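Protein chains in written order, with the numbering used here: chain F, 1 to 344; chain E, 345 to 455; chain R, 456 to 814.
Derived from the structure by calculation, the hints contain no laboratory data.
None of these values were measured; they are calculated from a predicted model.
Heads up, the beta-carbon is just placed ideally off N, CA and C, and yes, glycines get one too.
Keep in mind that the hints are not guaranteed to be accurate.
Unchecked claim - Far from chain F, by Cβ distances over 12 angstroms, these chain E residues were calculated: (1) 346; (2) 393; (3) 407; (4) 419; (5) 432; (6) 442; (7) 450; (8) 452.
To be verified - Quick list of the computed label-pair ranges, beta carbon to beta carbon: (9) F:271 - R:466: 17 to 27 angstroms; (10) E:350 - R:622: 38 to 48 angstroms; (11) R:504 - F:193: 58 to 68 angstroms; (12) E:358 - F:207: 27 to 37 angstroms; (13) F:170 - R:572: 16 to 26 angstroms; (14) E:415 - F:53: 40 to 50 angstroms; (15) R:761 - F:118: 40 to 50 angstroms; (16) R:686 - F:209: 43 to 53 angstroms; (17) F:53 - R:706: 43 to 53 angstroms; (18) E:350 - R:793: 30 to 40 angstroms.
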Amino acid sequence: MNKKVIVVGGGVSGMTAAGALSELGMEVVLLEKDDHTGGHAGNWDRLFPSRRPGKEVIDFIEKSMSSTVEIRCGSRVTSIDRNTEGFTVNLHNGDPLTAESVVIATGYELFDARKKEEYGYGIYDNVITSAELEAIFKEGRQLVTHNGKTPQRVGLIHCVGSRDEKVGNLYCSKVCCVTGVKQAIEIREMLPGCEVFSFYMDLRMYDRNFEELYYEAQQKWGVNFIRGRLSECAENPDHSLILKTEDTLTGRPLKMTVDLVVLLVGFVPRPETRIISDMLKLQTGSDGFLSPVDEHFKDNSTSVPGLFLAGAVKGPACIVNSIADARATAVQVKAYINGEMVKW
Amino acid sequence: MVKNFGYKILSDASIDFDRNDKRIADYLKAHEPSMNLCIGCGSCTATCSAGHFVDFNIRRIHTFIRRGETNQVKRDILKCMFCGKCQLVCPRGVNLRNVILTINRAIEQTG
Amino acid sequence: MKIEGKRSIWKEYQKEIADDRYFYVRSCVRQNFFPGSEKTFLRIMKDVLHKDVFENASHTTCSGIGYHSDVVPFETAMTMVARQFAIMTEAGYENFTTSCITSFGLYSEILETWHHFPEVEERVRQHLINATGRTFNKPANLAHASDVIFKFRKEIAAGGMYRLINKHTGKPLQVVEHIGCHYSKMFPAKGVGGAEYPYVLAGMIEDWGGDVIDYPERRHCCGFGFRQYLIQANRGYSLACSKKKFDSMAPYKPDFILTNCPGCPMFLDRWQYALSEMEGITYGENGLGIPVLTYEELAGMILGYDPWDLGLQVHQVPVEPLLDKIGIPYDSKRKFLTMDGKMMGQPKAPSHLKFYQHE
């Protein structure tokens, strides 16, 4: 029996699936387009809600892959063919690979904040994204405005690129709410004299310990929450920013000057994943992410036998969920290869 | 000489957070910090004895205070009957009776 | 401010603008508000750009002013517009060019409606046949006249006598650009540069030597709003909108405001007078106002046309300080002469807003 499995994508889901599959006795090749594995999670300083260092999680997953997984970084998949023998995966460099089963774990991209033109990202000097703020934390840099001053007031903007028909994304990206709360706390920790205002529509604290983190942000850190979506952002003569929103809890328009704006950017499907899904005629949802055969019972399977999905390629997911999902995928792949029926 | 053309310039109805007087808000924050735990659920307003009969919305009042909108609040706050029902229902444990007392004290001190 | 960020947005909002053979339709109100503007457009098109621009006297209002004042129903407006298209078709033209922003918005709205609801177009065609016996083709290209000037801005700069440079300091003039709401707020893709960072006037300012001011309230409406202004008691609403803009732009010390709509220059210009009379506020240097120009007037100034031929004498805020800054000569004695050399009368000096004394 051929036990070869190719995992496409070296982020949290792909690495976890690869590690679990090798533990289950499969021969695994992990393909990653970048020159290193780790994906988005590798760019995170600390993870919500526990604020455990992201590196700790990545290191653990990397170790779980040990030496039994063949990792090929810098390999882009150009096509995947399903044939009677299984799969042939063609790469932009090197010979084609064959496998009995393929796991698509290509994840997501961050929303390009420039598309939300009225927020002025890429135009105004003091508008940054949550990913850029995380990089500042990770590199241990001081949070300063464009001209090097310590900000006195920071605005965190929720739902940038999410729940917004105008940019074509009706869906919720799930993790931005709690990311915003975490980053608000971290700004207050770094700069105790800096006021932090979060502009939100709902705070979707859906998972364990999220609500508690929100409570902590209010109680211990004095973070201010204003319910109202940012309608537009403009630059003042001193390069600070004027925000216009409705304070929906008073029912009045509100304007406020902040020194720095952080846009909590959501998840969008990767264009590369679209190419794969077109090639194999996989199902996608109205959000553009890949859909499994059955959302409850075949949530890692596709319409192509032997082709499985893991993690945020199926839509926004946090790291905890991605790990659990990737492990479930690994079990499904093994059952498929062994010709066993999975009953659940 | 000021001319009258038959109309007046409308004043800006938006909350101007930068210019607003936040002395009451600061006093409240210092003396009743549980105020910051509000999640705007409206339980307090729904159960309020006064709010069912007169124009008194306790949730909106303390939200206005935190935004520095104090003029209307100074008038409205006197309508509270201190029954404490708001505090009983608050899911976040905000000490609402003391919020009212503290706002009153802050109004006295800031004039 | 990172200008490259704006440039990348501008790249995404390019629109097709016809190269020649324009069927030009005038605005209802501009010949009263800024009487030299449309004439200057035609003069530039003919004398400088050598284009074929056709006008027909039987063109009427598009009814947009009534439509936006809630007195003309959409069905009527569509039939009026169908008639304008019929006149264009009969004249053998297919590039429809409007002087008015609200017309441009209404034409865009109607063409978009017909695109999505072909049965509505069929019904309107029948209305027009019933009323006038006319049929029509839809325009191949719809542009606002400011799109056309934008398209040829480099040619105008090349043929021009002046640039937007302060001759005393050698520095670029600081210019506020204000776009009419109906230009691209309804259909961002139909305006040069889109709705958030419109480029149609900014492009002229750049190529003619000035700097564009990006001030916080640049997206705000001038306050015309049609029915908001038309009823006297509501005018304070309109005035408050203009005031919001002036308060926001004043710290940048603009040398002038450039506009592309019939209403905006009217209100941004005249409301400076009203504000000075009602509250004693003036926004320009030393008690002067901020001059407000139409893009045709500015193009004419760049090309060296006589300021009084451009109609600058009917502005409420005197334009002479700007002419002096650029170094454009003018004869103060001729300011209030009619075309046949008679004195047309001189307005009374406002109480606060200063009249300009030539240096």
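Each hint, compared with the structure:
no.	hint	result
1	346	holds, 28 angstroms
2	393	holds, 22 angstroms
3	407	violated, 5 angstroms
4	419	holds, 16 angstroms
5	432	holds, 20 angstroms
6	442	holds, 16 angstroms
7	450	holds, 18 angstroms
8	452	holds, 24 angstroms
9	F:271 - R:466: 17 to 27 angstroms	holds, 19 angstroms
10	E:350 - R:622: 38 to 48 angstroms	holds, 43 angstroms
11	R:504 - F:193: 58 to 68 angstroms	holds, 59 angstroms
12	E:358 - F:207: 27 to 37 angstroms	holds, 36 angstroms
13	F:170 - R:572: 16 to 26 angstroms	holds, 25 angstroms
14	E:415 - F:53: 40 to 50 angstroms	holds, 49 angstroms
15	R:761 - F:118: 40 to 50 angstroms	holds, 42 angstroms
16	R:686 - F:209: 43 to 53 angstroms	violated, 57 angstroms
17	F:53 - R:706: 43 to 53 angstroms	holds, 45 angstroms
18	E:350 - R:793: 30 to 40 angstroms	holds, 32 angstroms
Of the numbered hints stated above, those contradicted by the structure are hints 3, 16, listed in ascending order.
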